[in-house]
Structures are given as C-alpha cells and as structure tokens.
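Please build the complete structure, drawing on both the sequences and the hints.
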Amino acid sequence: MTTSSAIKIKETLHNALASIETFEQCALLDYPHHANVGDNLIWLGEIFYLTDVLKTKINYASSIENFSDTEMNKSVGKSPIFLHGGGNLGDIWPKFQNFREQIISKYHDRPIIIFPQTVYFANHDNLLATANIFNSHPKLMIFVRDNFSYKIAQKYFDKCQVIKAPDMAFQLAGMPGLSGNINHQNKKNILYQCRQDIEINQIFASDFINDLSDLFIEDWTSYKYRNYYQKMGKMWRLAEISECWKEGKVISPEFISRQIWKYLHSSAAKFTNLYNPRIHRKSFGLMHMGVYQFNQYRLIITNRLHGHILCTLMNIPHIFLPNSYYKNESFYEDWTYSNQSCRFIKDPRRIQLSAQELLDLFVT
Numbered sequence: 016m017t018t019s020s021a022i023k024i025k026e027t028l029h030n031a032l033a034s035i036e037t038f039e040q041c042a043l044l045d046y047p048h049h050a051n052v053g054d055n056l057i058w059l060g061e062i063f064y065l066t067d068v069l070k071t072k073i074n075y076a077s078s079i080e081n082f083s084d085t086e087m088n089k090s091v092g093k094s095p096i097f098l099h100g101g102g103n104l105g106d107i108w109p110k111f112q113n114f115r116e117q118i119i120s121k122y123h124d125r126p127i128i129i130f131p132q133t134v135y136f137a138n139h140d141n142l143l144a145t146a147n148i149f150n151s152h153p154k155l156m157i158f159v160r161d162n163f164s165y166k167i168a169q170k171y172f173d174k175c176q177v178i179k180a181p182d183m184a185f186q187l188a189g190m191p192g193l194s195g196n197i198n199h200q201n202k203k204n205i206l207y208q209c210r211q212d213i214e215i216n217q218i219f220a221s222d223f224i225n226d227l228s229d230l231f232i233e234d235w236t237s238y239k240y241r242n243y244y245q246k247m248g249k250m251w252r253l254a255e256i257s258e259c260w261k262e263g264k265v266i267s268p269e270f271i272s273r274q275i276w277k278y279l280h281s282s283a284a285k286f287t288n289l290y291n292p293r294i295h296r297k298s299f300g301l302m303h304m305g306v307y308q309f310n311q312y313r314l315i316i317t318n319r320l321h322g323h324i325l326c327t328l329m330n331i332p333h334i335f336l337p338n339s340y341y342k343n344e345s346f347y348e349d350w351t352y353s354n355q356s357c358r359f360i361k362d363p364r365r366i367q368l369s370a371q372e373l374l375d376l377f378v379t
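The sequence shown begins at 16 in this note's numbering and counts up by one.
Heads up, some of the hints might be wrong.
[Stated by the list, open to error] Subject to a maximum C-alpha distance of 27 Å in a straight line, what follows is the list of computed DSSO-like cross-link-like pairs (lysine-lysine):
| id | residue 1 | residue 2 |
| --- | --- | --- |
| 1 | K166 | K154 |
| 2 | K93 | K72 |
| 3 | K89 | K285 |
| 4 | K179 | K72 |
| 5 | K361 | K203 |
| 6 | K174 | K154 |
| 7 | K285 | K70 |
| 8 | K361 | K166 |
| 9 | K121 | K179 |
| 10 | K93 | K121 |
[Unchecked claim] Ranges of calculated distance between the beta carbons of each label pair, as one might list FRET restraints:
| id | residue 1 | residue 2 | range |
| --- | --- | --- | --- |
| 11 | D375 | K154 | 50 to 56 Å |
| 12 | P191 | D140 | 44 to 50 Å |
| 13 | F231 | T85 | 43 to 49 Å |
| 14 | A220 | D124 | 43 to 49 Å |
| 15 | R365 | T37 | 45 to 51 Å |
Simulated from the structure, these hints should not be mistaken for lab results.
Just so you know, even glycine gets a beta-carbon here, dropped at the ideal spot from N, CA and C.
This is the structure we're talking about:
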C-alpha cells in the first residue's frame, strides 16, 4: 500500500474510522492542556473529524484537570465518550493513562472510543492491569497507530474492538495555509527539532550533529512559554510579548500572523458553535506556532512523531529519527515509508549525507 501523500493517509484514516457508529452528540475528553503542538494537532483532527465527517455535535469537551462528571452528564447524558488519541496509552505517561482507565472503569453504560494511540508498556504487570479494565467494558473501541500496538492490543485487549488507523492529525491534510512556503530565498538552512523528555533516544541527543553547518536546535517554539501556558492561562501571551520587548521588538510578526490565523482562517468559525470554544482556538493557535516555526527552514530534522507528521502535511523535506521505543519507526513503516521527501535515519553517521541529498533534491 502506498500512502506517501497526506491526502492518501487521510483517506486511509477515514476508511478505518468508518467503523464508528453515527451519533447525534458526544463528549470528547482529555483536551491537551499543555504546549505540545503535536497533541493539539491531534485534538484539532478529532474536532474536525467528529464535526465534518461524523456530523456529531461535541456537547462536552474538557481537559483532565477540568473534567466534571456532573457537567458531562448534564450536557450529553449517556451519549458516547471519545478519548483523545496520541502516544500515551501505556505506563510512560501515567497521568493520562490513569485518567483513561478511570473513565473506562466508571462509564460502562455508554460506548467509549479511544482515538488512534500508540500502545507501550515498560512493565508487563501494568499491561495486565490495563487489560483487565479495558476488557471489562462492554463496548470499548480502541484505535491504534501501528502494527506493534495492534499486536499488543489484539492479544491483551481481546474483548475490545481493536482497529489500526493513522494518526488523527492527518484529518488536517489539505487545510488552507498548511502548504509549505516554497520560496527558500530568505529561509534558514536546517532545524533540528529535538525533544528533551523521557522519550528521547540518547543516541540522537542534541550534540550529535554539531558538524552540520547552519544548524539551529530547538523544540516546539511554544515550549518557551510552557510555564506560563500551564500555570497562568492567558498570561502566557504577556510572557510572549515580554520576550519580544527584550529582543527590541514591539510585537513579533509571528504573533500578528497567529491572531489572523486564529480568527480569520476559513476553519476558525467552526469553533464558535462548539462547547468551550476558547480551548479549541488555543489549539488552533498552537498549530499556527508549529506551522510558522517549520516554515522558516529549508530542511527539518526531528525526533518527534508530530514533527514528522507536520512536515508531511506541509510537504517539507525532513529527516525523521527514532524515539526511545518503537513509536516513530513503527509509524513510519506503516504509513509514511514511501514519502520521497523524508528519510528515516537510525545511524547518526548518515545524517549529514542524507541532509545534503534532500537539500539537493527538493530545495532550489
């Protein structure tokens, strides 16, 4: 199967999700109340799929921190619950798994659908405990993002309906404003987008490619303001403006561009009629931060799955690196292996040659 283009992968996603019944309304839980652009791309894909394709009203949406059983039941009754997709179905990120298990344990009286996830448990006993919770639910549907996850889910979550599907961010394929800027004259050369958390593969720590010229290293730019974003709500905007003043600017062009994107983009009007439109606009703003960041470079090197996915959506040449377990490599092998503008590299010694090859082929 050739699924190199984002649009083809989006079609594959729709075919997989066709197993979901049509519902008049639903709840969508585990809003990513953090500055990770990737998780917010997933959330937006879920929003657009539910409203545009499934034609379902999202009458309740919340983060883990703001979840209210009373409010959800008042808003949607016993309508289905959708749980946010991503890469945290397992024991690496326990906060999210614990919430997921609490919801599945409590609400046996309605269907629950987990959007596409990567499954990974470092501790086998934790996997068995989760399997017991999942298999006890009478109507739990689990979507998984790769073959490794699919085999684990089929074996251990055998009382559930398990389906393999691409990541929900591919629902964004073809969105206006996503196409990469093909004018390379004023662009910087190479960005190494390097995550610095528990999922980093230490072979590819940030100092391994210092021999590349004109290389800039940073994670998502949104992380510059993560403390303000998580603890102070709207105050993170003031922190961003403060950073501009320190650099001698009244306000950054990116900030202005983001406001236009958030409120004048053709998709922005959709959020007005959703439950709690503010959180969806915040995700849309974070999406812009990722798009704007990547559009500054001729070539991207990334160890983030959604760095790879965003490059694929924007048609940006890039090098994709492994994370600490099989998530990145397995996703690439299942869905994006034939993308000619991407190289998945497991040997650091191949980075420099592959980077030059991609620049020669795709950058004029």
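Here is how each hint holds up against the structure:
For the proposed pair K166 and K154, the alpha carbon gap of about 20 Å is at most 27 Å, so the pair holds. In summary, the hint linking K93 to K72 is supported, as the alpha carbons are separated by about 14 Å, within the 27 Å threshold. For the suggested pair K89 and K285, the alpha carbons sit about 23 Å apart, so the restraint of at most 27 Å is met. Only pairs whose Cα atoms come within 27 Å are accepted, and K179 paired with K72 is accepted, the gap being roughly 25 Å.
Simply put, K361 and K203 have alpha-carbon atoms about 25 Å apart, close enough for the 27 Å limit, and the pair holds. Distance check on the hinted pair: K174 and K154 sit about 9 Å apart at the alpha-carbon level, within 27 Å; holds. Restraint check for K285 and K70: the C-alpha separation of about 13 Å stays at or below 27 Å, so the hint holds. Of the pairs offered as hints, the one joining K361 and K166 holds, with about 23 Å between alpha carbons and a cut-off of 27 Å not exceeded.
Of the supplied pair hints, the one linking K121 and K179 holds, its CA atoms being roughly 25 Å apart against a limit of 27 Å. Annotation: proposed proximity of K93 to K121 holds, straight-line Cα distance about 12 Å (limit 27 Å). For D375 paired with K154, a C-beta distance near 53 Å keeps the hint of 50 to 56 Å intact. For the pair P191 and D140, the beta carbons lie near 48 Å from each other, so the given range of 44 to 50 Å is met.
Between F231 and T85 the C-beta distance comes to about 48 Å, which sits within the given range of 43 to 49 Å. Checked against the hint of 43 to 49 Å, the C-beta distance between A220 and D124 comes to roughly 48 Å, which is consistent with it. Hint check: R365 to T37, Cβ distance near 47 Å, so the stated range 45 to 51 Å holds.
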